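Quick note, the sequences are listed as chains A and B, same order. One point on numbering: in this note's numbering, the residue at position 566 of the first sequence is 566, and numbering is uninterrupted. One point on numbering: in this note's numbering, the residue at position 453 of the second sequence is 453, and numbering is uninterrupted.
Treat the hints with care, since some could be wrong.
Claimed, not checked - A short list of chain A residues far from chain B (calculated; beta carbon distances all over 12 Å):
(1) N215
(2) E299
(3) E300
(4) T357
(5) S472
(6) A628
(7) K671
Said to hold, decoys possible - Dumping the calculated SDA-like pairs for lysine to any residue here, alpha-carbon to alpha-carbon at most 25 Å:
(8) A:K104 to B:P588
(9) A:K671 to B:E464
(10) A:K104 to B:L466
(11) A:K460 to B:Q100
(12) B:K455 to A:Y580
Bear in mind the hints are in silico, worked out from the structure with no lab data behind them. All figures in this text were calculated on a predicted structure; none of them were measured in a lab. In this text, a Cβ means the ideal position worked out from N, Cα and C, and glycines have one as well.
Number of protein chains: 2
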Amino acid sequence: MIRVQPMLSIAGMVGALIAAALPLRALADEGMWTFDHFPSARVKAAYGVDIDQAWLDRVQGAAVRLTGGCSAALVSKHGLVLTNNHCVAECAQSLSTPGQDLFKEGFAAAGRGDEKACPGQQAEILETIADVTSRVTAAGAGATGADLVKARTAASATIEKEGCPDSATTRCQVVRLYQGGQYKLYKYRKYADVRLVFSPGFTAAFFGGDPDNFNFPRYDLDCAFLRLYENGAPILTTRHLVWNSRSPVDGEPVFVAGNPGGTDRQLTISELETQRDLTLPINLAMFAELRGRLIRFGEESAENQRMAGDDLFGLENTYKVLFGRLFALNDQAFMDRLKARELDLKAKAGTTAPWDTIAKAQVASRELYLQRAMVDGGPLNSQLFTYAKGLVRAAAERTKPPADRLPGYGDAQLPLLRHRLLDARPVEKPLEQLALEFWLTKVRELLTVDDPSTKLILGKESPEGLSAELASGSTLADPAVRKALWEGGEAAVEASSDPMIKFVLRIDPAARALRKQNDERVTGPSVNASEEIAKARFAAYGDSLYPDATFTLRLSYGKIAGWIERGRPVASFTHFKGLYERATGQAPFALDPRWIAAKTILNPDTVFDISTTNDIIGGNSGSPLINAKGQVIGAIFDGNIHSLGGDYGYDPVLNRGVAVSSAAITEALDKVYGEKALLAELIGP
Amino acid sequence: MIRVQPMLSIAGMVGALIAAALPLRALADEGMWTFDHFPSARVKAAYGVDIDQAWLDRVQGAAVRLTGGCSAALVSKHGLVLTNNHCVAECAQSLSTPGQDLFKEGFAAAGRGDEKACPGQQAEILETIADVTSRVTAAGAGATGADLVKARTAASATIEKEGCPDSATTRCQVVRLYQGGQYKLYKYRKYADVRLVFSPGFTAAFFGGDPDNFNFPRYDLDCAFLRLYENGAPILTTRHLVWNSRSPVDGEPVFVAGNPGGTDRQLTISELETQRDLTLPINLAMFAELRGRLIRFGEESAENQRMAGDDLFGLENTYKVLFGRLFALNDQAFMDRLKARELDLKAKAGTTAPWDTIAKAQVASRELYLQRAMVDGGPLNSQLFTYAKGLVRAAAERTKPPADRLPGYGDAQLPLLRHRLLDARPVEKPLEQLALEFWLTKVRELLTVDDPSTKLILGKESPEGLSAELASGSTLADPAVRKALWEGGEAAVEASSDPMIKFVLRIDPAARALRKQNDERVTGPSVNASEEIAKARFAAYGDSLYPDATFTLRLSYGKIAGWIERGRPVASFTHFKGLYERATGQAPFALDPRWIAAKTILNPDTVFDISTTNDIIGGNSGSPLINAKGQVIGAIFDGNIHSLGGDYGYDPVLNRGVAVSSAAITEALDKVYGEKALLAELIGP
C-alpha cells in the first residue's frame, strides 16, 4: 500500500532488480510532474492526447491532499471524495470500539447525518503556485551552519504567513523543489472537517493482506469515500471529476494526479550511502522487532487484535518499504548506474566541490544519527508521547518571535498542528505501553546503558517500569486536558503534573540540542551545496527535469499495461472471478461475508484491479486514475514489486502502479454493499 | 556472549569502526592458531614466554569442545570442567520445570549423585591431527558441480569412518582449513555423558543482560562447572589444568585455548558482498521480528518468561552478532582495505580466474538463497521440526551406501546425531507454535503466496492454523516415540501418523532438490577455485598464516590489556565493588539475592572481569584463560565492542576478549554460594 511509501514484494527484490538504464533525462512515462511544468508535448507525441491548461486546471481543482499522508479526488458536487480504504484506516480505527471493529468490517453511513468526522484529518486543494526562490535563497546570505538554517526557516515562515492571512480556510507552504533548485509557495484551500462516508473494511479492501501487499495480480477493493464539510454541512462544488464506470481498456493512456510523498532521485551518492549503510538497516531491524511484538500482542485476544489493527498495518507497510529500498541500494549494478549519473553531472559542472561538501556533512550526519533518532525522534506509535511533545514544543515556540521558531511551528502551520493534537481519538493504553517500552529498550540498546542520553531518559528505571508508569499515569488521552494545555501555553505545561508532560519536559532540551547540532553540522553546510548541484543540473539538462517528490501535487502520465515477469507476461487486469479462485477461507485470504453472499449476482468479468505504467510512490495512495477526458476510472492504491527502487529511479519496463477500477467500485457498491444513494451520487440515479 | 559468535555493542559499531590497517600477515596478538602450527617464536619474541611442545600437549589434552557450541577445560582429576554459565543455559533450561527456573536461579548439585545429565550434550577432547589433504583433493578429480561435492563428501566420510573404528569413545572429523588449503583429520576422545555440577544462574552470570552484552566494563560471573562421566561414574584423569586463583596482573601474557566457531577472513570479496547485500540484512530482520514475538510472549506470564528464557537469550545474542557483522561490512573504509588485500593476492597470483569463478557462483548463490533458507533451512527454534527432519533424513540416508549420503550422515557422525535426537528434553508447545508460525509467515512473505514452495509448505492453510496443528498434534516430544522412529528406520518413518513427520516427508524432497541445486551451481564450482586461492595465499605469504576458524581447537596468545575508547582509557579489570555500584534493582541490573546477602563479606577489590588482547570469536565461550605457566586464571565469555568485525579481520588496537577471573570465581564460590566441596576440588582443601 502506498499510503506513505510504495510497497515491495521481497522475492521480486532479490536478484531481479531494476534492469533498465537510468537516464539523465526522464524516460517514457517517467516523472512526477508539477502542474506548472507538465510535459504536454511529450504526452501528445507519445499518446496523441492533448493535455491543455483547461484539463490541468480542472484536475488540479479536484485533486485533494489528505494531511494524513494520502491523495484523493472530489467526485461529486456535494463534496464526496474518493480515496483508498487504507487512507481511512486510521479514521476507522479511531471510530472503532470494543464492540464494533470498523477497521476490519468497514462502515457505511446511513445518510449524511450519519457520516463520521475523522479525527485530526484535513483535506487540502491546491489553489496557486508562486515562485519564491530568490526570496528564500536571499535569506541568511553569508550565514553558515545553524544560523543559516534558522534564517531560511524564518524566511519560509514569513512567506507562508503573508501568503495565507486567512488561516481558517487557507494554508500556505513553502516547498523546496529539485533538492533546493526552486522554492515555491503552495497555497491550499483547506477543509478541516472531513467525514467518513463509506469504507468496505479491511477484509475486502486488503484481501491478501501483508503477503500480497505490493504483489500483482491483486483482488482488492481498496477504495473509500469521504466528504468535505464546512460549517457543519457538506460543501457544494463544481470542481469535481466525472465518474466513469465503464471497463478500462488495455493500453489506454491514463493519468494520476496525487501527492507522491518523497523520492530520493536527486540526492547525492554520499547521501544514499548513509541510507544504505546506516539508516535503512537500523530502521528495518527496529520495525521488524516492533512488528513482532505487535503481532504477538494482537494474538493475545480479539480485543487486542482490534486495537492493534491500524498500527500493525502501518508497521508492516513501512517494513516492506524499508526492505525494498535497502535491497534496491544493495543492488550493486543499480548503484553503479546512480554513480555514473552523478559522475556525468560532476563532469558537466566542472567541479566536485558541492558534492564533497555534502559528503563531509554526511560523515557528521552518521555520527549524530542514532542520538537524533532515539532522543529527538522518540517512540514510534505512541500517541501520548506525540501529544506531549507537540504540546510542550508548541507552548515554548509560540512564546517566541516567528523568526526564532523551529520549523513546523510557524503561524501558518499551527492550526493543523492544533487540529491534530486536540481532536478526540481513542488512546489504547496497552498499545501505548508496548510502544513506549519498545522505544526505551532501543534507546538503551542502541545508545548503551552508560550513554548520557540513556541515563537522562531512563534514569534508574527499566523500560518495562517507566513505560507502564507513563502509559497508565498520563491523562493526555482526554482531549479536554490537551485543550487546556494548548490554551494555557507554557505556564500550564510547566505546571502540569502529567507524567508524560513532565517526561517530555525533561528530555526535550537534549532533543533540541541534537537538532541544533544537526543543523550546524549537516543541514547548514548542505544548504548551499545542494542548491549549487541543482543549478548545475538545470544547466546540464535544462527543463526536461521534474523535481523529487515532496508530498505536493504532481501529475504522472502513462498507460494501462502489464509487464514481463521473468519471461512470463503479467496481464494488465484482474477480474472479480479471480478473487473467488484465490480465496482459501483463512485470513488474510478469507472473503468478506458480503462478498460470499454476492458471488452469484456479481458480474464475474468485471475488471477489478489495474496495472499501469504511471510513476507513483507512497503518498499517491488514493490518487484518482484519470482517462484522457479527465474522468475518474479508478484509484491508485499500490505499486508492483519492481517499483521497489522507485525511490531512487524509475524503470519503464518493470515499474507499475496498481489501481482499483471505477468499474469494480461501481459494481460492488451496487451488488455487494447495496449503496444505492452513494451510487446515485456518483453516476446519477 | 560468544557461545555462537561474538557480541557487538551497537553504539560502538556505528561510526567508530575498525581503524587499523588489515595486514596480509598476522599482526601482534592476531591469530587463531592450530596446535600443530603455533608461532612459538613470535610469542617468545613478543612476550618472552616459551611455549614448548610439552606446554602445548598439556593444554590440548585439557581443552574440551562442547558440541552445543562452546569451549571448556578440565580442571580436576575427577573430570570437573570449567565453562561459561551461558554454555550450560540450554541444559539448565531443559532441567527447569514450571516450579523451578534453573536457567534464572542456577543450580548447585548437593553431591556427585545429584549432578544432572545435560540432554544432547557431548564433550570432546582433541587427540590427534593428521593431514589428509591429498586424499581429499584427489576425490572427484575431473568431476564438477554436484558430482564433485558428492565425491568429496564420500571421501571425507570414508576417512572419518576409518579413523575412528571405535565410535563409542572416539569421533573423527575431516576439517577443511584455510578455505580449502588443507584438509585434516581431527580425532577426538568423546564423552557423551556430561552432567551439570554448578551454575550461578543468569541473574549473576548475565548481570546487565542484553544491554550490556559485548560491552566492557562488565560484572558477570559467567562461569559454570560440568563433569564428564563414563559408565555412570566421573572420569579420572591426569590431564586437567591447574586452577590459579590469584589476581591477574595487568599486561601479563595470556593464552586462550578453545574452539572459535567460524571466521570469514579468507573469503573472497564476492562472498562477503553476498553476506553484506543479502544474507545479513535478511537474517537481521528475521531475528529482530522473532525476537519481538518472543519478548512479548515472555511478558504474558511468569511461566512464559521461564519457557522463553534460553531461546530469547540465544536470539538476542545472534541478533547482535548479525548486526555487528553487517555494520562491519557496511563500513566502506574497512571494506576498501579488504578489497586492497584481495587485489594484492591477485597480483601475486598472476590471475583472477579463481576469484572470477567464485564471483559467478555467488550470483547463483544469491538467486537460490531465499528458497534454500526458507525450505531447506526450516524454522528457527523448533525442536519438533528438528527432530522430525533428523529422523526423516537419517532414516533415508542410513539405507544408502556411505558414498551416497548427505554430509552429516556418515557413519562417524551418526552417534552424535542420535544422541541429540533421542535425549530427553522438554518440548514447550507454546514456544513450538510460535516458532513454526513465524517461519510459515516468513515463507509466505519472502517467497510470496504464489511460489510453488509456499504452496507445497502451506497448501490452503494459514501459518497460524498449520503451526497450531503441528505443535499440538505431534507426539515427537516423547523420547520413546523418537527412539522407535530412529530404530524403526525408513519403514517406521513412512508409516508414522505424526503430523510433523508427515509434514517433513512432504517438503523434504523439495529441500533436497534445493540443496542439490546449490551443490551444482555454487559449492561445486567453488571447490577447486577456493583451493587454488588457498594455494596462491600460501605461495605469497608462506606459513605465517592461520586458518579461518572452524569450531576446532585453536590457541590464541596476547596479554591482559584495556584499550582507548574514543580518547578515554578503558581499564583492563573490573572489581566486585563495581557490581554493586551498577545495580539499579531493575532487571537485568538487579542483583541476585545471594549477592546482596554476601555484599559485606566479599572482598570488594576482587578482580571480576578481564579485558585481553586475545583474538577470539563465537565458540570461544568457556575457553580457559591461561597464564604463561599453563594455569587457568579465568574463562573467556565475551568480546568487546570492537571485535564486531572480528569475523572479517582483527585489530590489535581495539579488539578485546572478555573473561571472568578465577579469582572472582573462587571468591564467589566461597562467600556467595558456599560451595566448599567444589572449591576444595579446584584448589585443594
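Now for the hints, and whether the structure bears them out:
1. N215: violated, 6 Å
2. E299: violated, 8 Å
3. E300: violated, 7 Å
4. T357: The assertion about A:T357 holds, with a minimum of 19 Å to chain B.
5. S472: Since the minimum Cβ distance to chain B is about 15 Å, A:S472 lies beyond 12 Å and the statement holds.
6. A628: holds, 34 Å
7. K671: Holds, because the least Cβ-Cβ distance between A:K671 and chain B comes to about 26 Å, which exceeds 12 Å.
8. A:K104 to B:P588: The hint is violated at about 39 Å.
9. A:K671 to B:E464: Roughly 32 Å between the alpha carbons, so the hint for A:K671 and B:E464 is violated.
10. A:K104 to B:L466: Holds - the C-alpha atoms of B:L466 and A:K104 are around 23 Å apart, at most 25 Å.
11. A:K460 to B:Q100: violated, 29 Å
12. B:K455 to A:Y580: holds, 17 Å
Violation of the numbered hints given earlier is confined to hints 1, 2, 3, 8, 9, 11; the remaining hints are satisfied by the structure.
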